[in-house]
Amino acid sequence: MLDGLILGFQVALSLDNLLYCLIGVTLGTFIGMLPGVGPLVTIAMLLPMTYGLSPIASMIMLAGIYYGASYGGSSTAILVNLPGESSSVVTCIDGYQMARKGRAGAALAIAAIGSFVAGCIGTFGIALFAPMLGRAALAFGPAEYASLIVMALVATSVLVQGALVKGLLMALLGILIGLVGMDVNSGAMRFTFGLPSLMEGIDFVVVAVGTFAFAEIIRELRPTKDEPPHQVVAVDSLMPTAEELRQSVKPILRGTGVGMICGVLPGIGATVSSFASYILEKRCAKDPSRFGQGAIEGVAGPESANNAASQTTFIPTLTLGVPGSATMALMLGALMIHGITPGPNIITERPSLFWGLVASMWIGNLMLVILNLPLIRLWIVLLKVPYSWLFPMILILSCLGIYTLSNEPMDVLLGAGFGIFGYVVLQLGFSLAPFILGLVLGPMLEENLRRALLISHGDPRIFIESPISAGFLLASAVMLALLVLPAVRRSKPHLEQEA
Amino acid sequence: MPITKDGIGGVLFIAIGLTALMLARHYPAGSALSMGPGFVPVIVSSLLLGLGVLLFCRGILHRNEEQERVTIAWRPLLLVTAAIVGFALLIQFGLIVAVTYLVIAAWVADPNRSIRALPALIVVGIGMTMLIFKVGLQLPISL
Chain D
1 MLDGLILGFQ
11 VALSLDNLLY
21 CLIGVTLGTF
31 IGMLPGVGPL
41 VTIAMLLPMT
51 YGLSPIASMI
61 MLAGIYYGAS
71 YGGSSTAILV
81 NLPGESSSVV
91 TCIDGYQMAR
101 KGRAGAALAI
111 AAIGSFVAGC
121 IGTFGIALFA
131 PMLGRAALAF
141 GPAEYASLIV
151 MALVATSVLV
161 QGALVKGLLM
171 ALLGILIGLV
181 GMDVNSGAMR
191 FTFGLPSLME
201 GIDFVVVAVG
211 TFAFAEIIRE
221 LRPTKDEPPH
231 QVVAVDSLMP
241 TAEELRQSVK
251 PILRGTGVGM
261 ICGVLPGIGA
271 TVSSFASYIL
281 EKRCAKDPSR
291 FGQGAIEGVA
301 GPESANNAAS
311 QTTFIPTLTL
321 GVPGSATMAL
331 MLGALMIHGI
341 TPGPNIITER
351 PSLFWGLVAS
361 MWIGNLMLVI
371 LNLPLIRLWI
381 VLLKVPYSWL
391 FPMILILSCL
401 GIYTLSNEPM
411 DVLLGAGFGI
421 FGYVVLQLGF
431 SLAPFILGLV
441 LGPMLEENLR
451 RALLISHGDP
461 RIFIESPISA
471 GFLLASAVML
481 ALLVLPAVRR
491 SKPHLEQEA
Chain R
1 MPITKDGIGG
11 VLFIAIGLTA
21 LMLARHYPAG
31 SALSMGPGFV
41 PVIVSSLLLG
51 LGVLLFCRGI
61 LHRNEEQERV
71 TIAWRPLLLV
81 TAAIVGFALL
91 IQFGLIVAVT
101 YLVIAAWVAD
111 PNRSIRALPA
121 LIVVGIGMTM
131 LIFKVGLQLP
141 ISL
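For the record, the sequence lines run as chains D and R.
All residue numbers for the first sequence refer to this note's numbering, where the first residue is 1 and numbers rise by one.
All residue numbers for the second sequence refer to this note's numbering, where the first residue is 1 and numbers rise by one.
Hints are computed from structural coordinates only; laboratory data are not their basis.
Careful: at least some of the hints might be erroneous.
[Unchecked claim] Lysine to aspartate or glutamate pairs mimicking DMTMM-like chemistry, simulated, CA-CA at most 25 Å apart: (1) D:K384 with D:E220; (2) D:K286 with D:E220; (3) D:K101 with D:E244; (4) D:K282 with D:E243; (5) R:K134 with D:D16; (6) D:K286 with D:E243; (7) D:K101 with D:D287; (8) R:K134 with D:D203; (9) R:K134 with D:E408.
[Unchecked claim] Derived CB-CB ranges, DEER-like: (10) D:M336 with R:L33: 26 to 32 Å; (11) R:M128 with D:S406: 46 to 52 Å; (12) R:L33 with D:I464: 15 to 21 Å; (13) D:M132 with R:A29: 36 to 42 Å; (14) R:R69 with D:E349: 51 to 57 Å; (15) R:M128 with D:I279: 40 to 46 Å; (16) D:A234 with R:I43: 54 to 60 Å.
Positions of the beta carbon are idealized from the N, C-alpha and C atoms, including for glycine.
Please build the complete structure, drawing on both the sequences and the hints.
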């Protein structure tokens, strides 16, 4: 592991990669602070622009955007009571109350310190556990992989907002869209409607930009009823008091633990971890009534948890090739564009990519503390950028991004179609996370299913005879069964769409 | 009878499932031992159809849940789509034409638009495009 980390820092500290890391985290913070633009839209929009970079540079930059956006998102949560993304929803509760009491600076500082501590421990966690998981996953055959993919899809469908049936439907539709094009095994054309541009399948970026960027713009442009402009709280001293620091130590560590566990599990991620951490802090507190009135523990815990989860969610994505959230599905798509299929062998086959990314995460977290704390007053200016200026630029970048994939206007038209689709299903109360996960995992599921059944001579019992595979399937069944019980369904917290 | 989100969603997915099933019927299904190109599509579209029916029934039966009406903001939906489609058709005439059109079309779609911002938006839009795609990525797209 030590050799790996040394190699990683050699890669990440090269001038180019440091620059891409800095661009990534700056862009991420920038976008996290902008109202109405989340990390999913950003990553989808910028994916095509990373084609020209080396795989490691593009991963470092995209990862930087991802956790930069979560830092920026918590700043807006504290300052204007507006979560930049779903994992900062909880931070609004006590963070904004602290800001109203004149402790905005302290809240921002604790959020940044908590995130940094969580980031450091999280990075260490990846370095420690990813190789272990990778070695364990070497024992996985096609049956185990097929069951694992089923579990990831079920978990995501269970946890998103809205009904379970809706989540499953979106996951299935994602798989269906992933089947479009030529079947690699038989050469048969599937769902192409005779269109030549569909023969090679629908490009992942076209779907991602359409359903995330285009649909989001349509949603944001609904006629508003003269909403009052957001009141930005003035930021005083950034120094937390000794008392506030002392109160935050345990929540930061507990939050980190919660986040790391949530991040590794498929389908659960930063958003769930921040909710879980908030509930945990409330339980642990001597005086729970302070929560909601500006308790610093309510900022320290969830902010550490969501950052730890953002880091450790890379573990299953990289070592199993099974992303746990929509953002990770985009990351996986980015890697596949570069011809790299993540899996148990990625650490041994591409050590500089894996360790370089791990090291860059730590460096990126350090950059974020520097970027966010002393420069926070600069970033606040961004809160005032009107959406009227933002969305035409997002449209230009998205359209050109799709077009430059293969200089094919048809792709842009397809993207527009997915924009309409994304908007309609969002309005009908569906979530997009299972859809994009199904899209990425669908072809893998089919391939592993085919191989597993070939090995077992067509006997489907292979999926329950292997203990690992049976375990994954049992876990999926338990999740489904739990949710069908009415009592559990009612108490299910309403979570926003997982970023 | 009020139309619920689940009801419409159910109909949408029943339609998708049925269409996919009709198409997938013609692909050779093969056997479990050697799966044909139709094997997974048939399973997936059947599940879509089945769960779509389930969702539709839920929408009919549980009308107290998620009762709120479906709101579709037609104006931005149509105008943003028109902007993107127009861009796809105009890109053959070069970047400047397509981007200028896209900015104007987006500006029309904006409920809070002001005429004074339009020239600046066009200039910034074209400037940004040049900077990123021509200077930065050096892509071979005609102006």
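Status of each hint after checking the structure:
1. This hinted pair checks out: K384 (chain D) and E220 (chain D) have alpha carbons roughly 16 Å apart, not beyond 25 Å.
2. A hinted pair counts as satisfied when its Cα atoms are at most 25 Å apart, and K286 (chain D) with E220 (chain D) does not qualify at roughly 42 Å.
3. Only pairs whose Cα atoms come within 25 Å are accepted, and K101 (chain D) paired with E244 (chain D) is accepted, the gap being roughly 14 Å.
4. The hinted pair formed by K282 (chain D) and E243 (chain D) meets the criterion: a straight-line CA distance of about 18 Å does not exceed 25 Å.
5. Taken as a hint, the K134 (chain R) and D16 (chain D) pair is honoured in the structure, with Cα atoms around 21 Å apart against an allowance of 25 Å.
6. Restraint check for K286 (chain D) and E243 (chain D): the C-alpha separation of about 15 Å stays at or below 25 Å, so the hint holds.
7. A distance of roughly 19 Å separates the Cα atoms of K101 (chain D) and D287 (chain D); the hinted pair therefore holds under the 25 Å criterion.
8. With a CA separation close to 23 Å, the supplied pair K134 (chain R) and D203 (chain D) stays within the 25 Å bound.
9. Distance hint between K134 (chain R) and E408 (chain D) is fulfilled; the C-alpha atoms sit about 18 Å from each other, no more than 25 Å.
10. In this structure, M336 (chain D) and L33 (chain R) meet the distance hint of 26 to 32 Å, their C-beta atoms being roughly 29 Å apart.
11. M128 (chain R) and S406 (chain D) have their C-beta atoms about 22 Å apart, which leaves the hinted 46 to 52 Å range violated.
12. Separated by about 18 Å at the C-beta atoms, L33 (chain R) and I464 (chain D) satisfy the suggested range of 15 to 21 Å.
13. Judged by the Cβ atoms, the range 36 to 42 Å given for M132 (chain D) and A29 (chain R) holds: they are separated by roughly 41 Å.
14. R69 (chain R) and E349 (chain D) have their C-beta atoms about 53 Å apart, which keeps the hinted 51 to 57 Å range intact.
15. Look at M128 (chain R) against I279 (chain D): about 44 Å separates their beta carbons, and that is inside 40 to 46 Å.
16. A234 (chain D) and I43 (chain R) have their C-beta atoms about 59 Å apart, which keeps the hinted 54 to 60 Å range intact.
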